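Engineer: Sequence:
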Amino acid sequence: MPRLRDKRLALRLVWKLGDLLAEELSSVKGRDFVVGSAEYKALYRRVMPNSRARDLTSMALQSFCQQVIETPRWVLEVLDDKKPLLRLRIKKP
831 MPRLRDKRLA LRLVWKLGDL LAEELSSVKG RDFVVGSAEY KALYRRVMPN
881 SRARDLTSMA LQSFCQQVIE TPRWVLEVLD DKKPLLRLRI KKP
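Those letters in the sequence shown? Residues 831 to 923, by our numbering.
Here are the simulated PhoX-like cross-link-like pairs (lysine-lysine), alpha carbons at most 25 Å apart as the crow flies: (1) Lys-912 - Lys-871; (2) Lys-912 - Lys-837; (3) Lys-846 - Lys-922; (4) Lys-837 - Lys-913; (5) Lys-859 - Lys-921; (6) Lys-859 - Lys-846; (7) Lys-846 - Lys-912; (8) Lys-871 - Lys-859; (9) Lys-837 - Lys-871; (10) Lys-913 - Lys-846; (11) Lys-922 - Lys-859; (12) Lys-871 - Lys-846; (13) Lys-921 - Lys-846; (14) Lys-871 - Lys-913.
The calculated label-pair distances, taken between Cβ atoms and stated as ranges, are: (15) Ser-867 - Lys-846: 16 to 22 Å; (16) Leu-909 - Glu-853: 16 to 22 Å; (17) Ala-872 - Glu-900: 23 to 29 Å; (18) Arg-876 - Arg-917: 17 to 23 Å.
Just so you know, the hints here were simulated from the structure itself, not pulled from any lab data. Keep in mind that this is a model prediction, so the values were computed, not measured. Even glycine gets a Cβ: it sits at the ideal position worked out from N, Cα and C.
Taking the hints into account, I'd like the entire structure generated from these sequences.
Structural biologist: Right, here's the structure in full:
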C-alpha cells in the first residue's frame with residue numbers, strides 16, 4: 831500500500847478527482863450528484879486503469895481533507911470518507 835505524507839500532493843489528488851468527476855458528469859442533466867464507492871472505483875478504472883491513484887486519493891480524503899472542498903467550477907462534499915461517499919455540485923457557468 832502506498833504512503834501519503836505530503837499535504838500538497840493530497841490537495842492535488844482531490845482537486846484532480848473533482849475535475850474528473852465534473853468532466854464526466856457535465857454531460858448529464860443536473861448539477862448535484864452523489865458519487866458512491868462503485869462509481870468512484872469505475873471512474874479510476876476507466877481513467878487510470880493500472881494506477882494507484884485511487885488508493886492515494888482515498889487516503890487523501892481520509893487523512894488530509896476538509897468536509898467541503900470548493901473551487902470556482904465545483905463543490906465537493908465528503909459525506910463519508912471511509913467508503914468514500916461524495917456529493918459533487920457543479921456550479922453554473
